[in-house]
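Peer 1: Residues per chain are reported as follows:
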Amino acid sequence: MLAKSKILIIDDEEVVLDSCTQVLAGADCVVATAGNGVQGLKLMEETTPDLVFLDLKMPGLSGFEVLGEIRGRHPDMVVIVITGYATVSSAVEAMKKGAFDFLPKPFTPEELRLIFRRGLEHHSLVQQTVALRREKEMLRENFAAIVSHELKAPLGAIQQNLYALTEDLADKLSDSQRDLFGRLKIRLDDLLKLIHSWLRIISVDVNQLKGTFSPLSVADVLSKAIETTQPHATRKAIEIQAIVGEPLPRVNGDEGSLTEVLVNIIGNAVKYSFPHSKIRVRVEAQGAQVLLSVADTGVGIAKDDLPFLFQDFVRGQAQPGGATGCGLGLAISRRIVEVHDGSITVESEPGKGSTFVICLPAVPPATESNPIPERKA
Amino acid sequence: MSQPKRLLIIDDDPDFVAGIKSILVKAKYEVDVAYNPKDGFQALKDKAYDLLLLDVMMGRGAEGIMVARKLGKDPNLRNMPVLIITGIREQMAFLFPGQAVHPHFVSVDELVEKPVEPKLLLDRVQALLIKSAEARKTNSK
Numbered sequence: 001m002l003a004k005s006k007i008l009i010i011d012d013e014e015v016v017l018d019s020c021t022q023v024l025a026g027a028d029c030v031v032a033t034a035g036n037g038v039q040g041l042k043l044m045e046e047t048t049p050d051l052v053f054l055d056l057k058m059p060g061l062s063g064f065e066v067l068g069e070i071r072g073r074h075p076d077m078v079v080i081v082i083t084g085y086a087t088v089s090s091a092v093e094a095m096k097k098g099a100f101d102f103l104p105k106p107f108t109p110e111e112l113r114l115i116f117r118r119g120l121e122h123h124s125l126v127q128q129t130v131a132l133r134r135e136k137e138m139l140r141e142n143f144a145a146i147v148s149h150e151l152k153a154p155l156g157a158i159q160q161n162l163y164a165l166t167e168d169l170a171d172k173l174s175d176s177q178r179d180l181f182g183r184l185k186i187r188l189d190d191l192l193k194l195i196h197s198w199l200r201i202i203s204v205d206v207n208q209l210k211g212t213f214s215p216l217s218v219a220d221v222l223s224k225a226i227e228t229t230q231p232h233a234t235r236k237a238i239e240i241q242a243i244v245g246e247p248l249p250r251v252n253g254d255e256g257s258l259t260e261v262l263v264n265i266i267g268n269a270v271k272y273s274f275p276h277s278k279i280r281v282r283v284e285a286q287g288a289q290v291l292l293s294v295a296d297t298g299v300g301i302a303k304d305d306l307p308f309l310f311q312d313f314v315r316g317q318a319q320p321g322g323a324t325g326c327g328l329g330l331a332i333s334r335r336i337v338e339v340h341d342g343s344i345t346v347e348s349e350p351g352k353g354s355t356f357v358i359c360l361p362a363v364p365p366a367t368e369s370n371p372i373p374e375r376k377a
Numbered sequence: 378m379s380q381p382k383r384l385l386i387i388d389d390d391p392d393f394v395a396g397i398k399s400i401l402v403k404a405k406y407e408v409d410v411a412y413n414p415k416d417g418f419q420a421l422k423d424k425a426y427d428l429l430l431l432d433v434m435m436g437r438g439a440e441g442i443m444v445a446r447k448l449g450k451d452p453n454l455r456n457m458p459v460l461i462i463t464g465i466r467e468q469m470a471f472l473f474p475g476q477a478v479h480p481h482f483v484s485v486d487e488l489v490e491k492p493v494e495p496k497l498l499l500d501r502v503q504a505l506l507i508k509s510a511e512a513r514k515t516n517s518k
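If you're matching them up, the sequences are chains A and B in order.
Under the working numbering, the residue at position 271 of the first sequence is numbered 271, and the numbers go up by one with no gaps.
Under the working numbering, the residue at position 95 of the second sequence is numbered 472, and the numbers go up by one with no gaps.
Careful, some of the hints might be misleading.
One-sided excerpt, in silico: chain A residues whose CB lies under 10 Å from chain B [said to hold, decoys possible]:
| id | residue |
| --- | --- |
| 1 | 13 |
| 2 | 16 |
| 3 | 19 |
| 4 | 21 |
| 5 | 22 |
| 6 | 23 |
| 7 | 26 |
| 8 | 30 |
| 9 | 156 |
Calculated lysine-lysine pairs in the DSS-like style (CA-CA distance at most 25 Å, straight line) [what the hints assert, rightly or not]:
| id | chain 1 | residue 1 | chain 2 | residue 2 |
| --- | --- | --- | --- | --- |
| 10 | A | 185 | B | 382 |
| 11 | B | 496 | B | 382 |
| 12 | A | 96 | A | 136 |
| 13 | B | 447 | A | 172 |
| 14 | B | 382 | B | 447 |
| 15 | A | 105 | A | 57 |
| 16 | B | 403 | B | 514 |
| 17 | B | 403 | B | 450 |
| 18 | A | 236 | A | 352 |
| 19 | A | 4 | A | 57 |
| 20 | A | 172 | A | 193 |
| 21 | A | 185 | B | 403 |
| 22 | A | 172 | B | 450 |
| 23 | B | 508 | B | 496 |
| 24 | A | 172 | B | 403 |
| 25 | B | 496 | B | 422 |
| 26 | A | 193 | B | 450 |
| 27 | B | 450 | B | 496 |
The set of hints was computed from the structure by calculation and includes no laboratory data.
Yeah, the Cβ is synthetic: ideal placement off N, Cα and C, and Gly gets one too.
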């Protein structure tokens, strides 16, 4: 049997409470009533109703205050406001504040039943959405944790024993044997890294980054990223030339993940560039945006590959010097940039090189002077 | 020569344990192993150890965390240094939302990821031993 729906009616007019109870109470519905806002809020905590009818005009705590209180405590609660005929504007105001619908007084039993049914339908949809969202979140997190352990544990054990063997045999191994151990180690490392990146793709909800956004300088992020990629560039005798346009407005973002994006892009440029070439990195303001471009003169990207470049697990074909990777860097980068309300694009010509351009919205100077940066909820 | 330091490993993966034990034994440590938290606590009761190497994911879940919490509450064991060895550093934050799992399970601890390179493992073990010896000296003053 289905559980009975629980309805709470908050109204200072006893006649409204009585008539509504009479219309709604029955085999599939329990009605609780409250004569004022304070009592209504108390009853709501005790009964956790599926649906609340709320009179907007009450002495004491007003309907609007009660509505605000309910939405604050239970954002998913379905509230229908009851209003006098002449106060349609306040009904609209209430809907803006999160009420599901409104019922103008006086109303017929049929009108009440109709809005009641619709309210309940909406309530069950809201409940389903909440449950699904929670389930999805749990699945993703558990999956990541389980897969992580089940895949990484055996590889970890293999690698650990390999380390132990290499140590033990250090003075007995011939050069070619040591080379073989080295190869084993590198392939295992790559496999572990692949699992790691793959887990990041499925388990990290980049939207959570928004919670830690703060105004930051793209120039700082850039210099950090160059610092990280410089050793690889030096090894190939590649010069990274950075040009920072002044003045440079700040952008709102997460420093760690934006650095990751730039390390990915510049790292790719190094990976796919020929030795003794140059990579040009330029950051400048353009209108209300900060534009960041990374141009290399490397192998370029085939036209056929371009549309799939920012998707998961895609890697271009031409790889000089045995460049390796799992094709996740750009996919992660795209997600991170999009969470920052920005965009990432690429232009490329095979044999000539590629240019990646990242656009991020600049923080307007007015909010910049505000000591406490306003954060989007 | 001074007395070799005694280490205890609590980890449920015998293959992984074989890998780190061999490295530690080669470095002249005395190493005991427990393959589950229960045996681990028994070993800690029976013998005094200078350092514990602790795995996080054991048995049905993160039993290593429970071990660390229990250690933190034990006045005799609270000051024993713990080297946490885990394959799930990335996942720890959301396995235990809102809880500080690291740093500082106990007064002296450190975390490394599986697999761990021999040099890093030995460095961390030694650093922790020195740190805990210093902490002991300060406490006794």
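Peer 1: Now, for every hint given, state plainly whether the structure supports it.
Peer 2: Evaluation of the provided hints:
no.	hint	result
1	13	violated, 46 Å
2	16	violated, 44 Å
3	19	violated, 47 Å
4	21	violated, 43 Å
5	22	violated, 47 Å
6	23	violated, 45 Å
7	26	violated, 43 Å
8	30	violated, 35 Å
9	156	holds, 4 Å
10	A:185 - B:382	violated, 30 Å
11	B:496 - B:382	holds, 17 Å
12	A:96 - A:136	violated, 29 Å
13	B:447 - A:172	violated, 44 Å
14	B:382 - B:447	holds, 23 Å
15	A:105 - A:57	holds, 11 Å
16	B:403 - B:514	violated, 29 Å
17	B:403 - B:450	violated, 33 Å
18	A:236 - A:352	holds, 18 Å
19	A:4 - A:57	violated, 29 Å
20	A:172 - A:193	violated, 30 Å
21	A:185 - B:403	holds, 20 Å
22	A:172 - B:450	violated, 47 Å
23	B:508 - B:496	holds, 18 Å
24	A:172 - B:403	holds, 15 Å
25	B:496 - B:422	violated, 30 Å
26	A:193 - B:450	violated, 37 Å
27	B:450 - B:496	violated, 32 Å
In summary, the structure is inconsistent with hints 1, 2, 3, 4, 5, 6, 7, 8, 10, 12, 13, 16, 17, 19, 20, 22, 25, 26, 27 from the numbered list given earlier, while agreeing with the others.
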